[in-house]
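Sequences listed follow chains P and A, in order. Here the first sequence is numbered in the working numbering, starting from 1 and rising by one per residue. Here the second sequence is numbered in the working numbering, starting from 1 and rising by one per residue.
By construction, these hints were calculated from the structure, which means they are not laboratory data. Incorrect hints may have been included.
[What the hints assert, rightly or not] Calculated cross-link-like contacts (lysine to any residue; reagent style SDA-like; alpha-carbon spacing at most 25 Å):
hint: 1; chain 1: P; residue 1: 2; chain 2: A; residue 2: 10
hint: 2; chain 1: P; residue 1: 2; chain 2: A; residue 2: 22
hint: 3; chain 1: P; residue 1: 26; chain 2: P; residue 2: 2
hint: 4; chain 1: P; residue 1: 2; chain 2: A; residue 2: 64
hint: 5; chain 1: P; residue 1: 2; chain 2: A; residue 2: 26
hint: 6; chain 1: P; residue 1: 210; chain 2: P; residue 2: 172
hint: 7; chain 1: P; residue 1: 2; chain 2: A; residue 2: 72
hint: 8; chain 1: P; residue 1: 43; chain 2: P; residue 2: 55
hint: 9; chain 1: P; residue 1: 2; chain 2: A; residue 2: 38
hint: 10; chain 1: P; residue 1: 106; chain 2: P; residue 2: 70
hint: 11; chain 1: P; residue 1: 2; chain 2: A; residue 2: 58
hint: 12; chain 1: P; residue 1: 2; chain 2: A; residue 2: 45
hint: 13; chain 1: P; residue 1: 210; chain 2: P; residue 2: 29
hint: 14; chain 1: P; residue 1: 2; chain 2: A; residue 2: 39
hint: 15; chain 1: P; residue 1: 131; chain 2: P; residue 2: 2
hint: 16; chain 1: P; residue 1: 2; chain 2: A; residue 2: 5
hint: 17; chain 1: P; residue 1: 43; chain 2: P; residue 2: 323
hint: 18; chain 1: P; residue 1: 131; chain 2: P; residue 2: 115
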Amino acid sequence: MKYLSEYRDPAMARGLVQRILDTATKRWTLMEVCGGQTHTIVKQGINEVLSNAVEMIHGPGCPVCVTPLVQIDRALHLAARPDVIFTSFGDMLRVPGSECDLLQVKARGGNVRIVYSPLDAVEIARRNPDKEVVFFAVGFETTAPANAMAVWRASELGVENFSVLVSHVTVPPAMVAILEDPGNRVQGFLAAGHVCTVMGWDEYEPLAAKYQVPIVVTGFEPLDILEGIWMAVRQLEDGRHEVENQYVRSVRREGNRPAQDLVSRVFQVVDRGWRGIGTIPGSGLGLRSEFASFDAERKFGLEGISAEESADCHAGDVLKGRLKPFECPAFGGRCTPESPLGAPMVSTEGACAAYYNFSRVQADVPVGVAS
Amino acid sequence: MCLGIPGRIIDRSDDAGLAVGTVDFGGVRREVCLAYVADEVSVGDYVVVHVGFAISKVDEEEAHRTFEVLREMSQLEELEWMADLADAAEGVSS
Ligand code: SF4
Chain P
1 MKYLSEYRDP AMARGLVQRI LDTATKRWTL MEVCGGQTHT IVKQGINEVL
51 SNAVEMIHGP GCPVCVTPLV QIDRALHLAA RPDVIFTSFG DMLRVPGSEC
101 DLLQVKARGG NVRIVYSPLD AVEIARRNPD KEVVFFAVGF ETTAPANAMA
151 VWRASELGVE NFSVLVSHVT VPPAMVAILE DPGNRVQGFL AAGHVCTVMG
201 WDEYEPLAAK YQVPIVVTGF EPLDILEGIW MAVRQLEDGR HEVENQYVRS
251 VRREGNRPAQ DLVSRVFQVV DRGWRGIGTI PGSGLGLRSE FASFDAERKF
301 GLEGISAEES ADCHAGDVLK GRLKPFECPA FGGRCTPESP LGAPMVSTEG
351 ACAAYYNFSR VQADVPVGVA S
Chain A
1 MCLGIPGRII DRSDDAGLAV GTVDFGGVRR EVCLAYVADE VSVGDYVVVH
51 VGFAISKVDE EEAHRTFEVL REMSQLEELE WMADLADAAE GVSS
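Isolated chain P, as found in the complex (with noise of 0.2 Å):
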């Protein structure tokens, strides 16, 4: 497919790799912040053959990983109730909620739909008036103005029986909580090109100056990831700091102005609490009080709901970059793809799981006999 095979190249990701190996005179540690990039680089292998020249950090960039348990907890509330059509993209549906997942609720008769775009719901909603139709708005930046135009839609068109349960979270915000972190060892990062792709990179401008990284806007595929991975570690041997975009043929400085206008008419900045590392100040979105009539929370009085996260997943650690997702006594044993314990095994762009499926260092952990 154009844009796209020809960016998986193996001929030239060994020139790549080898590019890197040559370039690096020490052993950089680089943190990727995208769940897709964490999903590619355990995949390819990349991070096993540049171990001797980066040690890859996986991010907290998986947005179903990070959704709270309480949200997760008053989705399954709602997909419960038998006048709702609960709607999600599939990849929330088996996210460990604190008894079942909204899977399990399927499977005793809720009315859980996938859909594959949020204004399939707002659809979904029209067509069933005597429904209340629930839309779980998870993500990024990226899928924000998605999120954004179906409220937005119904609220033009008059849809009163759509809502929203909204876990909104944003990037930069959490590569601060990482940077401040006292135990950090991130030297540098891979920013997420798609969130770049609607947002720019003005914003990381400042966060590369001020704690002196070089953040490198990068695309999805095994070429891009090398690239990118190779124009950050050119800076680090050149002692450079800056913000660099490999993503060239998607993002653009200023991002995408359409898509920033519609997410701030409709979203606010709020605070956010992350699965597995708490709350992050700003780090979140959620609806203006214009559209409160849209808020799910709201509307089925969803606030008294709260869980208490597991202390058995180190979730936290993994997310931090402190644990290596293997070396977490749960991993492969009590915690697997088919039994989780924790998001980040859930989603393949969760490190746990994508260590699970492809990684071939674990080999040599002794898995799970610590749980």
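Once you have looked at the hints, place chain A with the ligand on chain P.
Just chain A with the ligand now, with coordinates in the frame of chain P:
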């Protein structure tokens, strides 16, 4: 989750005030919302699509340039190696 896939716009239309279109992803066709790229795209352009929304127009010139840079970078090792061989050969003959 932030997956975005490039595809080519086949046609454009309007759905009650919303710019939409059909996008072809290597043979698979989907209805896509074009509202966020409406001013800059026409039929035949490539766009990056995420959850049913085009979020950018693929800059074909930049795509080409990146690819050439990548190709050069990945081949340089080979070229240097060949240059070394050539030098050696010259050394022998002179
Ligand atoms: S392996 Fe399972 S329990 Fe351990 S951090 Fe990952 S998701 Fe949590």
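For each hint, the structure was consulted:
{"no.": "1", "hint": "P/2 to A/10", "verdict": "15 Å, holds"}
{"no.": "2", "hint": "P/2 to A/22", "verdict": "17 Å, holds"}
{"no.": "3", "hint": "P/26 to P/2", "verdict": "37 Å, violated"}
{"no.": "4", "hint": "P/2 to A/64", "verdict": "11 Å, holds"}
{"no.": "5", "hint": "P/2 to A/26", "verdict": "8 Å, holds"}
{"no.": "6", "hint": "P/210 to P/172", "verdict": "13 Å, holds"}
{"no.": "7", "hint": "P/2 to A/72", "verdict": "20 Å, holds"}
{"no.": "8", "hint": "P/43 to P/55", "verdict": "16 Å, holds"}
{"no.": "9", "hint": "P/2 to A/38", "verdict": "22 Å, holds"}
{"no.": "10", "hint": "P/106 to P/70", "verdict": "19 Å, holds"}
{"no.": "11", "hint": "P/2 to A/58", "verdict": "11 Å, holds"}
{"no.": "12", "hint": "P/2 to A/45", "verdict": "12 Å, holds"}
{"no.": "13", "hint": "P/210 to P/29", "verdict": "18 Å, holds"}
{"no.": "14", "hint": "P/2 to A/39", "verdict": "23 Å, holds"}
{"no.": "15", "hint": "P/131 to P/2", "verdict": "42 Å, violated"}
{"no.": "16", "hint": "P/2 to A/5", "verdict": "10 Å, holds"}
{"no.": "17", "hint": "P/43 to P/323", "verdict": "19 Å, holds"}
{"no.": "18", "hint": "P/131 to P/115", "verdict": "17 Å, holds"}
In this structure, the earlier hints numbered 3, 15 are contradicted, and the remaining ones agree with it.
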